[in-house]
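K.L.:
Listed below are the residues making up each chain.
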Amino acid sequence: MNASQGQPVLQLKDVKVTFGSGRSAATVLKGVNASIQAGKTLGIVGESGSGKSTMAKAIVGLVKPSDGLISFSGRDVTKMSGAERRTMRREVQMVPQDPYSSLNPRRTIGQTLAEAIDPLRANPREHGEKISYWLSTIRLDPEVAERYPHEFSGGQRQRIAIARALAVQPKLIIADEITSALDLSVQAEILNLIGRLRKELDLTMAFISHDLDVVHHVSDEILVLFHGEVVEQGDVDAVYGNPQHPYTRRLIDSVPGGPGFDIGDRRVAAV
Amino acid sequence: MAETARPRRRFRWTTGLIVGIVMMSIMVLTAILAPMFLSDAAEKLTPQASQGPSAEHWLGTDDFGRDVLARSLVATRLTLLMTAATTAIAVVAGIAIGTAVWLAPRRVRSAVLRVIEAAVAYPSLIFSLLIAAILGQGTWSAVLAISIASIPAFARLTANMAASISQRNYVSTARLLGVSGPYIITRHLLPNMAEPLLVLTATVFATTLIDLSSLSFIGLGVQNPEYDFGRLLNEGLVNIYSQPLQAVMPSIMITITGLSAMLIGDGLAAATDPRGGRKFGSLRKASEVPASLRADTGALVEVDNLTVSTPSGVPLVKGVSLSIHAGEVVGLVGESGSGKSLTAMSIAGLLPEELGVTAKTMRLGDLNLLQKNNPRELATSIGLVYQDPGTSFNPALRIGSQLTEVSRVHLGQSRNTAFGRMVKALADIRITQPEKRMKQHPHELSGGMLQRAMIASTLVTDPRLIIADEPTTALDVTVQADVLRQFRTINREMGTAMLFISHDIGVVQALCDKVIVMNGGKILERLTGEELAAGKVKHPYTKALLAATPSIAERKAELVTVSAKDFALDEVFDDDSTAGGDVTNSPGTKETTK
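Residue numbers (the working numbering), protein chains in the order written: chain A, 1 to 271; chain B, 1001 to 1594.
If you're looking for bench data, these hints aren't it; they were derived computationally from the structure. One thing to keep in mind: the hints can contain errors.
Below, a list of computed lysine-lysine pairs in the DSBU-like style, where the Cα atoms sit at most 30 Å apart [what the hints assert, rightly or not]: (1) K16/A <-> K64/A; (2) K130/A <-> K79/A; (3) K1536/B <-> K199/A; (4) K130/A <-> K64/A; (5) K57/A <-> K130/A; (6) K79/A <-> K57/A; (7) K1556/B <-> K1536/B; (8) K1556/B <-> K171/A; (9) K199/A <-> K1543/B.
Model the full structure from these sequences, guided by the hints.
P.N.:
Below, the structure written as structure tokens:
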């Protein structure tokens, strides 16, 4: 565990995000509070339209909150000037959902990682050592730096996307549905990798997913979003074991194979 | 995990592209060589004016005694140079303007885009005539006029493509990495729009040639004593009745150059289309396929030794046998590429024509599914539910007309009868306000409601079998539970048999009476739903799949990583007589997919 337990890495206070204006305005986040301590993983669950992707975008700065406060290590991002924001940007990195559109098909893996290490020059030869290091961290052969994304499977691409986020050495990593486009066996590979990296690199992470099984597997804490509001948050085992909000209850009971799952009795005459 | 070294997509040479390149090379060679050897014959004034074809002058001479053929060949140089210069200016300026537009603030961007779109809609020749009239006569004013007229097309393509590529994840990730705007353009945007721009360049080259020739032809372009194809045509027009050949040669040259540029453009477009070049194979029907060990003649659906292969003969489904009894829910579970959807779709008769399907038996009741069946009989015997309710409905039509289509077209019911029955069916599955829903468009309903409506519509024809291909994969978990509940109710109350395809073990074990595990186009294990739920599985692959699945029921320290190709593709048999097996899977024929 990390020593600095006091100051949370990320803190959201009453964050509101509104798209559009006037009569067509839609408030997607309605005053969200959340915090992540160093070395911890916060699982964010919710169904489509709950605002979980918007929350991720607000954290990385791709969406501007209309109200509220987002702070990193105690510094408020929403009130920063352009230059400060730009340096701040590299402290949070995002691993996107789709491993096929997240890597530029015309750039080698080495070039992609070099850009993460040094966005200005992005020369893979200069940073060869670091590139090899990050590739071995995600259990890929350093030689693959010469290759192009289409030569890799979905799981390998997702690992490369993770390496790209790691190479920036951010304080916080946001994983947005990173296993939902993957097959079961590949999902296991990525979840295991994430599990090992959390231990080895002491990662602080926000793990967003609609899959309650997956979130349960990777998270320390969990936050349940429903129509842009946080209905419940707390320790994973506490929330899954004894959900307080009826929506959380319904969500957990809807997981096939879970203890509360019930779709009615089987047909009696079934052979 | 082994690296998959897939070969890079190979460049596809089409006949058109090769012909185009050969023709263009000949034109370029002519442009280089002709002025070196033929300029005397082409430009020196001789007394042999206005002669017909002869051994000395194959196409005759013009009013000033110059050889028509030589003039046409020498004119190639100026024409090609002008065309190339025009195209180059249009491409460079167009791309520059396009990216600038994309970088501009939103208001400026939409305003400039409107102007560009208006310019694209305006005929470029008229546009260039206007510019040429302003700039005055002359070679370079023609070049400038036409390049300005061609810029909007490039600018629009660049701006639109930049807008679409900038939506891709790698661009937004690059922003997060702190990459600045110009680098995003040179590293991420331009390389990914090269192909369409190249194709457009070839096309613009051809149209530019014609526009330039037209300008010269009407006297606004190249002026005496210089000459290009258009100028030659202009000179030939005067003598069109006495010396028709004088106009023929430049016309042929224009045609050849334009054609070769077009062929190159089309060839490049075809070569860059990854879907191109598919070969269609013939559909093979039932043949002498060995029967399985235990055919189940009492079942509602019987599939015996089904194989599906690609036109080139690669097997995708390798001898699958299964049976579904009346009132039974059978689940097909497996990862992508396991052949589960192909198996189901071949039962529904919905495989692409180019795939070869063979089987000993494939029937539904007494309906032989191996032959071409009456579409009405097929449509009313099998109900289909697809994965994504968002894309399986036509957004332009009302829900009602889409849901009642089978009843109206195949059962010949009147619009009112079909509508009434559908409303009742929707009400039966507790969709609120069914009459109103029927008049709505698909986007007005939620995904879960669309999927439930889709299931209801398969029921009105009272099918003997419902095939559901990943029907809950695109749905939220609470909606998924609703839809599964609905499947369960239908099965319990109406006794409809179902074939349920899913990659989700949790879903399959909850809903299905029997579960068939597939991998690499083969069946590995047959279980009951209860056996799967209790973890009583025999095949190592099924065990590994269970161990790879995270679950809220228990926290696994480390998930087992499964690699589908590490497992032997032999079905495990048990002594239960309901488990069918087939001859090709007999012990000893161990094989693995690559």
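K.L.:
Hint by hint, say whether it matches the structure.
P.N.:
Consistency of the hints with the structure:
1. A C-alpha spacing of about 9 Å is found between K16/A and K64/A, which places the hinted pair at or below 30 Å, so the restraint holds.
2. For the suggested pair K130/A and K79/A, the alpha carbons sit about 34 Å apart, so the restraint of at most 30 Å is broken.
3. For the proposed pair K1536/B and K199/A, the alpha carbon gap of about 33 Å is over 30 Å, so the pair is violated.
4. Pair hint K130/A plus K64/A does not hold up; C-alpha atoms about 33 Å apart against a cutoff of 30 Å.
5. Distance hint between K57/A and K130/A is fulfilled; the C-alpha atoms sit about 28 Å from each other, no more than 30 Å.
6. Taking the CA atoms of K79/A and K57/A, the gap is near 17 Å; set against the 30 Å cutoff, the hint holds.
7. Annotation: proposed proximity of K1556/B to K1536/B holds, straight-line Cα distance about 18 Å (limit 30 Å).
8. Taking the CA atoms of K1556/B and K171/A, the gap is near 27 Å; set against the 30 Å cutoff, the hint holds.
9. The straight-line distance between the Cα atoms of K199/A and K1543/B is roughly 27 Å, inside the 30 Å bound, and the hint therefore holds.
Hint check: violations occur at hints 2, 3, 4; the rest are consistent with the structure.
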